[in-house]
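*Asks:* Given the coordinates of chain X, assemble chain R onto it according to the supplied hints.
Protein chains in written order, with this note's numbering: chain X, 1 to 296; chain R, 1 to 326.
Do not take every clue at face value.
What the hints assert, rightly or not - Facing chain R, a subset of chain X residues (Cβ under 7 Å, in silico):
1) R13
2) E187
3) Q191
4) A192
5) E194
6) G196
7) G197
8) E207
9) P210
10) N211
If you are wondering where the hints come from, they were derived from the structure by calculation, not from laboratory data.
Just so it is clear, CB atoms sit at the ideal spot from N, CA and C, and this is done for glycine as well.
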Amino acid sequence: MQKDSRRKEGLFRKWEDIRRYWYKFSRNSLSIIGLVVVCIILFAAIFAPYISPYPKSAGKFINFYEASQPPNSAHLCGTDVFGRDVLTRVFFGYRFSLMMGIVVLALVVPVGVALGLIAGYYRGSWLDTIIMRITDIFVAVPPLILALAVCSVLTPGIFHAMMAVSLMWWPWYTRMVYGIASSLKGEFFVQAAEVGGASRGHILFKEILPNCIAPIFTKMSLDMGWVILIGASLSFVGLGVQPPTPDLGSMVADGSKYLPDQWWIAVFPAFAIMLVVLAFNLLGDGIRDMLGAKGG
Amino acid sequence: MIILTNNILTIEQLKKHFVTRQGIVKAVDGISFSVKEGETFGLVGESGSGKSTVAYTVIGMYKPTKGKVLYRGKNISQESKKRSQALKKEIRIVFQDPGTSLNPARSIRQILELPLKIHNLSRNHKDIVNKIEELLKMVQLPVDYIYKYPLMIGGGEKQMVAIARALATNPSFVLLDEPTSALDVSVQAKIINMLIQFQKKFNLSYLFITHDLSLMRNVASRVAIMYLGKICEIAPASEFFKNPLHPYTQMLLSSISVISDEEEALKPKKIISKGEIPSPVNVPPGCSFHLRCPNKMDICSREDPVMVEVSKGHTVRCHLYTNTHV
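Chain X with its partners taken away, still in its complex shape (with noise of 0.2 Å):
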């Protein structure tokens, strides 16, 4: 009886809190637009072969009889040459871009955050000279060359790409986690833990991490915009995502030989990768907003 009155309790407290973070976050408008945009191209890019109208255009497709139509009431963004839905495509080059993203923080965040609390906890010793040092000469490259480098020394690929791309990110959530790390060691109630007799483990990751949590999350929102803007890059020079694939950046090289006549097969790509960029940026001031500072 008891203990099912402080469940409740619990969940209750549970409610609460969610309801004082949606509305810290929705306090800006401009956050919301960026969440319902982030939401309604992760459902398009997910459910993509459902919900595009023309499904078959994502592949190996060729139908003159629709090439180069502007946009219309059957293909809202018009066809291309070579007579494939660009909507559809969109779609599916979100797929790419998203998964390109999201298996680049996956990679780069737990390595990134982990080498941070460590160098910045341990401020002063050898293991923060050695990671930091690795750190900067890492920092000094940029992801863009480096990929561009791997991806035309080995075979091009979307692969090879993340895996360029994430060589080169880490550094950054290093450098910041370390940043944070390294000033809340002084503070007390790290100290209180340490006195406490509680483990590195716990002080690394329960004190100090927690702290850290809203600088990953917004550079992490504001990082995807950028992760995606150097995959489109990659695909725009051909060095990414390869055809017949699509992929935003590549559709967006494909379309530019056809400017301005027919504008809509390069603008409207190009159009989706600004939208997504932007989207995860209004996001990421959101989260930023929302994570500011605990209470009120």
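*Replies:* For chain R alone, coordinates are given in the frame of chain X:
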């Protein structure tokens, strides 16, 4: 050799020096005192006198440069990571500012369950929740605070949580590093009363660090005055207020602000305090207090006085009392 005494904590010739760019900071420079079982030992000093450094060395945040810290006769002069978990359960600390000593990203529940988990003080999940609720009741906080975060509650309440965290492990010795100086006066009284109550109930020994001399009269059984990393005077609290010997102590006592004439009459004759505490990087030669001392003699700027016992339990470090003057 272990000498059997009823001293729970003994500090012998403790020194803690920090190397900085400006030079060596002698934060604590050879102090000795002992805390008896069950008593409150007050350590009083101005900002920068090194009193917090003493607490941090005892708890293990710093390793002493020289000297010894003995807990129940056992040498514990090492950093906390080299200390046993049993010792960390016995000696606990309450920090000055509860705003920074409680992690803002962790709930009160998470904060209070940590010591219980580390020291295996509860068997299961249900037991932990019960214990946390008990702790909250003990410090007179509502039980539903278990779900709150430190930023949602007031400064005094935060300090209660910090005290509950310190007492969660059933310690014998608690370091109180200015536990009330960051709080409102009304809350201060409540916390002090609570601390006195807990001391009786759990038979605790306190090392109470503060800059508030008047507080010591009600709380401490013995008081030590620190100035620039050294102790000037140690005396039982009653003796201390009746018969202060060191000129610095007299200066501090006369600067306590009072509201009535009767209280004013209890104070030693007015000594105008002059100057500020010098930088611990350039400690003046001889007695470090001679620059501000109203009774300065020639010897003071040359020789550092040693501790002498003037009457039983009352020791003072001043040339006025060293030889013929006693």
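*Asks:* It remains to establish, for every hint, whether it holds in the given structure.
*Replies:* Each hint tested on the structure:
1. R13: 4 Å, holds
2. E187: Since the shortest Cβ distance to chain R is 6 Å, the answer is holds.
3. Q191: Holds, because the Cβ-Cβ distance from X:Q191 to chain R comes to roughly 6 Å (cut-off 7 Å).
4. A192: Because about 5 Å separates X:A192 from the closest Cβ in chain R, which is inside the 7 Å limit, the hint holds.
5. E194: Hint holds; X:E194 Cβ to chain R Cβ min 6 Å, cut 7 Å.
6. G196: Check passed: Cβ of X:G196 comes within 6 Å of chain R, closer than 7 Å.
7. G197: Hint holds; X:G197 Cβ to chain R Cβ min 4 Å, cut 7 Å.
8. E207: 6 Å, holds
9. P210: 3 Å, holds
10. N211: Because about 5 Å separates X:N211 from the closest Cβ in chain R, which is inside the 7 Å limit, the hint holds.
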